Amino acid sequence: NAGVTQTPKFQVLKTGQSMTLQCAQDMNHNSMYWYRQDPGMGLRLIYYSASEGTTDKGEVPNGYNVSRLNKREFSLRLESAAPSQTSVYFCASSPQETQYFGPGTRLLVL
Amino acid sequence: KNQVEQSPQSLIILEGKNCTLQCNYTVSPFSNLRWYKQDTGRGPVSLTIMTFSENTKSNGRYTATLDADTKQSSLHITASQLSDSASYICVVSASGTYKYIFGTGTRLKVLA
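Going line by line, the protein sequences match chains A and B. If you count by the numbering used here, then the first sequence holds residues 1 to 110, one letter each, in order. If you count by the numbering used here, then the second sequence holds residues 111 to 222, one letter each, in order.
Extracted from the complex, chain A is given alone in its bound form (with noise of 0.2 Å):
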């Protein structure tokens, strides 16, 4: 039972260049979320999936596209990055309450 899985660990981009970072879960939870973690600021959602095949923007959505593949991954995909988008990104699941994060991504746009 590996929880929350996210690849890739690191990632370095140059501004424009597009990747995409996966999410698996193997809990059989309904809902999946992705947050980005910035300094001095506390986890911002930027798309959550109540359930397989339904995606719902967060708070800060934009630059960002989101895939609900089936009830196991949820991908995360920056069409073109941008300096701003230099975050550590959080995958979570959670069953109803306690959210499950996976060990996240730190992705640095040049």
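It should be emphasised that the hints constitute simulated quantities derived from the structure, not laboratory data. These numbers were taken from a predicted model, which means no experiment stands behind them.
Pairs of lysine-lysine residues, derived as DSBU-like cross-links and limited to a Cα-Cα distance of at most 35 Å, are as follows:
no. : chain 1 : residue 1 : chain 2 : residue 2
1   : B       : Lys209    : A       : Lys14
2   : B       : Lys209    : A       : Lys71
3   : B       : Lys111    : A       : Lys9
4   : A       : Lys57     : B       : Lys209
5   : B       : Lys219    : B       : Lys127
Some chain A residues close to chain B (C-beta under 8 Å, calculated; not the full set):
no. : residue
6   : Met41
7   : Phe90
8   : Phe101
Even glycine gets a Cβ: it sits at the ideal position worked out from N, Cα and C.
We have chain A already, so just place chain B on it with the hints.
For chain B alone, coordinates are given in the frame of chain A:
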């Protein structure tokens, strides 16, 4: 505006000492409040979750309190250990939504 504020921003204590971290919130309608521990380079891990009717909840050396009237919570750490060095994040959720409002955390360092 829904907000969660934590204090202090950072704290240094000696191993074996106790400490208390504070969380004030203005989230409405209130659903529950959680405390998470985040080790450096890791994702947050849940310590406790408290609903409106709960005043105190313990998890080993961690004890959380909630005063729903004053909209304040605290996390008390007893007999601190080096492994308690981490950021502690207060998170409040609003009823009927998926929204979780995160505080900026208190960074705790425990020295030998």
